[in-house]
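Colleague: The chain contents come next:
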Amino acid sequence: MILLLKAWLRDWLRHPLQRLLTILGVVIAIAVVLAVDLANQSAQRAFDRSMLEVAGAATHQVLGPAEGFDERHYAELRLAGWRDLAPIVEGPLRLETGDSVYLLGVDPLAEAPFREAAAGFGEIPVQRLLTEPGTVLVPPAWLEARNRAGEAEVPVRGVSGTYTVAAIPAPAGAAQGQIWVADIATAQTLLGRLGRLDRIDARLERPGAEVELQDALPPGLELVPVGARDAAARELAQAFRINLTAMSLLALLIAAFLIYNTQTFSVLRRRQVLGSLQLLGVGRNPILAVVLVEALLVGLIGTGLGILLGIGVAQGLVGQVARTVSDHFFTVTVTAVEPRPLALAAVLALGLGLSVLAALAPALEASVQRGIGASGRVALERRSHRLTGYLFRTGLGLLALGVALAGLGWGDLVGGFVALFVLITGFLLLLPRFLATGLGWVAGPLANRLDSSLTRLAGRSLERSLSRSGPAVVALTLALAAAIGVSVLVGSFRVSVTEWLGVTLTSDLYVVPAEPASGRGGARLPGEWVGLLSGWPEVASVSTGTNQDVVSDRGLIRLFLLAPHDDWLEHLPLVSGRDPGLGTRLRDTDAVLITEGFATHQGLTLGDRIEITVPTGSRPFTIAGIYRDYSHPGGTVLMRSDRYHGGTAPGFHSMGLRAVADVPVEGLESRLADWLRDRDAVALITRPDTIQRESLEIFDRTFAITHLLRVITLVVAFVAILSALVALQMERSREYAILRSTGLLPGGVSRLVFLQAGLLGLFAAVAAIPLGLGMGWVLIEVINREAFGWRMDVRLPGLPLAENLLLGIGAALLASVYPAWRLARMPVVPALRMES
Amino acid sequence: MATRLSSVLECRSLGFSYSGAAGTADVLRGVDLSLQPGERVAVVGESGSGKSTLLHLAAGLETPSAGYVWLKGVELGALSEGERTRLRRSQIGIVFQAFHLVPTLTALENVALPLDLMGLATGRALQARARTALAEVGLADKVERYPEQLSGGEQQRVAIARALVHRPALILADEPTGNLDSATGESVFRLLLEQVAATGSALLMVTHSDALAARLDRTARMVDGRLLKADGATAADPA
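For the record, the sequence lines run as chains A and B.
Numbering follows this note's numbering, in which position 666 of the first sequence is assigned residue number 666; successive positions increment by one, without gaps.
Numbering follows this note's numbering, in which position 69 of the second sequence is assigned residue number 69; successive positions increment by one, without gaps.
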């Protein structure tokens with residue numbers, strides 16, 4: 001066996017380029033799969049840690065209105081005998097550098113059962129929270145990252161001014177996560193919640209305690225399980241990560257084609273060796289074994305290098321993933337990737353399995369090969385042509401299955417991706433038959449029409465190398481189609497978001513707090529500003545908006561409270577429920593609007609009811625309309641602010657001003673800025689185009705990773721087609737030598753090679769169009785809708801389609817440069833002596 | 001009278017045909033042949049007459065369309081492919097016109113390969129036997145060379161050493177001097193005869209050269225798929 005392995009594997013030293021290309025494909029594919037997985041897992045762990053640190057060991061939370069509730073309720077509950085309670089004030093806090101952190105205000109004396117940060121009660125750092133106002137426990141890693149050992153004075157921007165806090169490292173053994181912890185009084189000052197709490201954590205372990213505590217709560221407070229608060233954000237963040245993972249698996253699929261192709265070629269190239277071994281009496285199984293051992297080695301080396309590269313790439317990727325999660329779901333901070341042994345072992349198994357599986361067919365082919373000479377090659381191509389019919393029929397079947405799965409829907413995200421992959425596989429299986437037919441046309445009628453023997457040669461040569469050209473074309477088609485599909489998704493989405501922003505941003509100026517808002521509390525602007533500014537002669541009307549998380553019979557929901565301009569419904573992109581009396585119903589009755597996403601996630605429609613907790617208690621509200629909105633992944637319920645508060649709101653998150661006709665907006669803006677300055681108000685003035693620009697920046701950032709993965713799949717496909725072209729040209733060296741000996745110049749040989757590559761690239765680019773458009777449709781209508789509930793109109797990407805065409809042809813031409821150069825310089829006589 | 005039990009190789013009514021684009025072609029028709037231990041037989045004939053096909057059938061590399069082949073009394077058609085392979089590697093050595101050495105193995109490793117495959121020797125014993133075989137063909141100083149570093153004649157010598165290292169009962173030689181110049185071919189041919197005599201193997205050699213054929217014990221002529229004796233009669237038995 002050792003000699004057999006030597007006979008087989010020493011070929012690596014003689015043909016290093018082929019081997020390198022195969023390994024490179026495995027390296028890139030494994031690296032991207034691992035990088036995405038590590039980034040996802042790290043962001044997930046950061047997310048979980050954040051959730052855990054925010055919730056601690058609490059089993060339930062007492063929640064009230066989003067702007068908080070009177071802290072005396074806590075004292076009343078304690079006096080009533082409820083011991084395992086802890087008051088909390090929380091919210092985002094802006095540092096002077098512009099970064100945001102999440103501040104948790106706790107009562108250290110009550111926190112011991114709840115939070116690891118207080119586990120060291122009695123240790124100096126926690127005592128200092130009590131004794132030194134303005135002291136904050138921060139994750140040690142945050143201080144280390146800023147080259148500060150021990151304590152540091154950190155300026156922060158509170159609601160009512162700038163403060164300097166003493167940041168000390170959280171005690172060893174405490175949670176090392178993402179949250180800053182301060183005494184509740186310090187947090188109330190920084191977050192502007194004097195006399196108020198955001199929630200009360202409760203640990204209820206006794207049976208029946210939940211019901212008893214709920215009964216003991218005053219009106220306006222609700223008891224919810226801890227999980228309910230996080231479930232929506234967790235689900236949505238997971239959907240985002242599944243999307244990324246699916247994209248990374250595409251790279252893996254393309255790598256599989258690469259390995260299959262190069263292994264097939266490497267077996268075929270060594271058919272003389274195989275023939276000699278079989279004549280000497282080497283049986284099928286040993287030959288199968290050596291070929292698979294080689295594949296295993298390729299997998300081992302490629303996966304090992306891929307893991308190293310993947311960890312490096314993950315370090316860069318994790319920041320992007322965390323930022324997207326923070327942009328849309330919950331603030332997380334990830335400073336490092338933490339590869340887990342189990343994840344690495346899984347990737348190793350994946351890489352080895354992929355290599356062996358992709359090499360199985362060529363290994364079986366090698367073990368049954370008979371004869372030394374040309375019959376092996378010819379027989380392979382004959383079999384390949386026969387196989388195209390079988391693949392075509394199978395492909396049709398899979399397409400039908402995929403369409404059925406996509407149309408019927410499995411009701412979940414994974415089901416959507418399964419349908420997508422079935423569709424992709426079905427389509428790809430059709431390609432070899434189309435390729436054979438198309439090449440036959442090129443080799444015959446088209447060549448005759450063009451009177452071009454080179455064209456005929458190119459087509460015929462490719463047609464007779466279907467076993468080589470087929471997998472390469474499939475790999476390139478898949479990569480190009482993925483690029484088109486993503487373009488369709490992102491392009492349609494961007495257009496929809498841009499149109500939506502244009503329609504809904506109807507004010508001339510917006511005023512928002514300088515401090516970050518959040519769904520539970522956060523900075524607010526004073527309610528009396530509405531009356532004051534409405535009285536300005538330059539101001540035609542004022543609207544206000546507040547986003548907050550409230551309790552409902554559907555769990556915690558995002559509620560948008562709106563005090564609108566008069567014509568607001570004309571600009572709202574309603575998809576159902578539009579009727580003349582809608583505005584009156586929303587103003588005078590308990591009626592709400594919901595977004596498409598909310599309707600999808602909650603399974604609601606017009607006329608359904610939802611029970612929402614408002615300051616005066618819980619009430620049922622009727623769904624009067626559904627509108628399109630992209631501001632929150634989980635969907636939103638829109639209620640008039642006066643309906644919620646029973647009058648004027650005490651505060652709000654944003655204000656929109658419309659200028660009177662003929663009043664320059666710049667003048668109004670300037671007067672407003674002076675007015676805010678006079679009040680020492682920590683607020684910002686912004687314009688609709690600025691909001692639009694910043695929103696689209698977040699949008700582009702969200703899809704930056706997807707674009708990166710798209711580029712990587714194209715790189716893997718390029719490697720696949722390069723490898724195939726090198727193999728094709730090397731196999732046909734004798735043919736080229738014959739052509740040279742009969743008069744074809746070296747330049748003619750190069751032209752022939754470029755022509756073949758161009759044909760392959762053109763075919764792949766054209767085939768990618770219907771596949772890519774189909775993928776885009778499924779991504780929009782099935783997957784995106786299932787994941788986020790967002791709906792959008794499918795827009796055909798004109799320019800990206802043309803770019804893709806050029807990309808496919810360009811990639812193939814680029815990949816043919818080296819083989820063309822090599823063949824043009826090839827000595828003719830030795831090549832003539834080679835067996836065909 | 002020679003019987004199939006005493007014969008090294010026995011072919012009866014052997015036929016082989018294949019189907020192609022132009023229909024069915026009969027390559028061999030009713031071939032009868034018998035080889036005794038140590039006997040040396042040449043098969044001559046024009047290109048396309050079926051000589052190489054006869055060798056492939058004798059080696060068990062192809063399955064006959066008609067008739068039977070016995071190797072050391074064992075009917076090849078009754079064996080599975082694995083059994084045929086094992087029988088071939090233990091009882092037959094093959095020398096080709098194109099040498100067919102494994103290019104990624106040294107001369108020593110090429111010669112050692114049959115012993116390794118059969119498990120007849122391992123480690124140093126394996127190497128020692130291979131070295132001895134190479135020394136017997138005059139290549140003791142070139143054991144670590146790869147095939148492309150050897151001349152045509154040297155490569156064929158290695159092939160002869162490889163074919164005989166395990167002392168097979170039968171040597172099949174398909175135009176062993178076809179790719180060599182006349183001087184080298186003569187020395188290789190003499191070497192082949194010496195080694196065959198030394199091991200006591202039977203030899204069935206395909207050649208274009210009547211002169212080489214005349215130096216063997218018996219000549220049979222292949223004409224249009226049929227095997228004739230040198231005097232025109234069918235070459236069924238030596239006597």
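Each hint should be verified, as a subset may be incorrect.
Stated by the list, open to error - Pulled a few chain B residues facing chain A out of the computed Cβ check, cut under 10 Å: (1) E39; (2) Y68; (3) T85; (4) R89; (5) H100; (6) R129; (7) V223.
Think of the hints as simulated: they come from the structure by calculation, not from any bench.
All residues carry an ideal CB built from backbone N, CA and C; glycine is no exception.
Colleague: Now look at each hint and say whether the structure bears it out.
Modeller: Quick rundown of the hints versus the structure:
no.	hint	verdict
1	E39	23 Å, violated
2	Y68	21 Å, violated
3	T85	5 Å, holds
4	R89	2 Å, holds
5	H100	5 Å, holds
6	R129	14 Å, violated
7	V223	24 Å, violated
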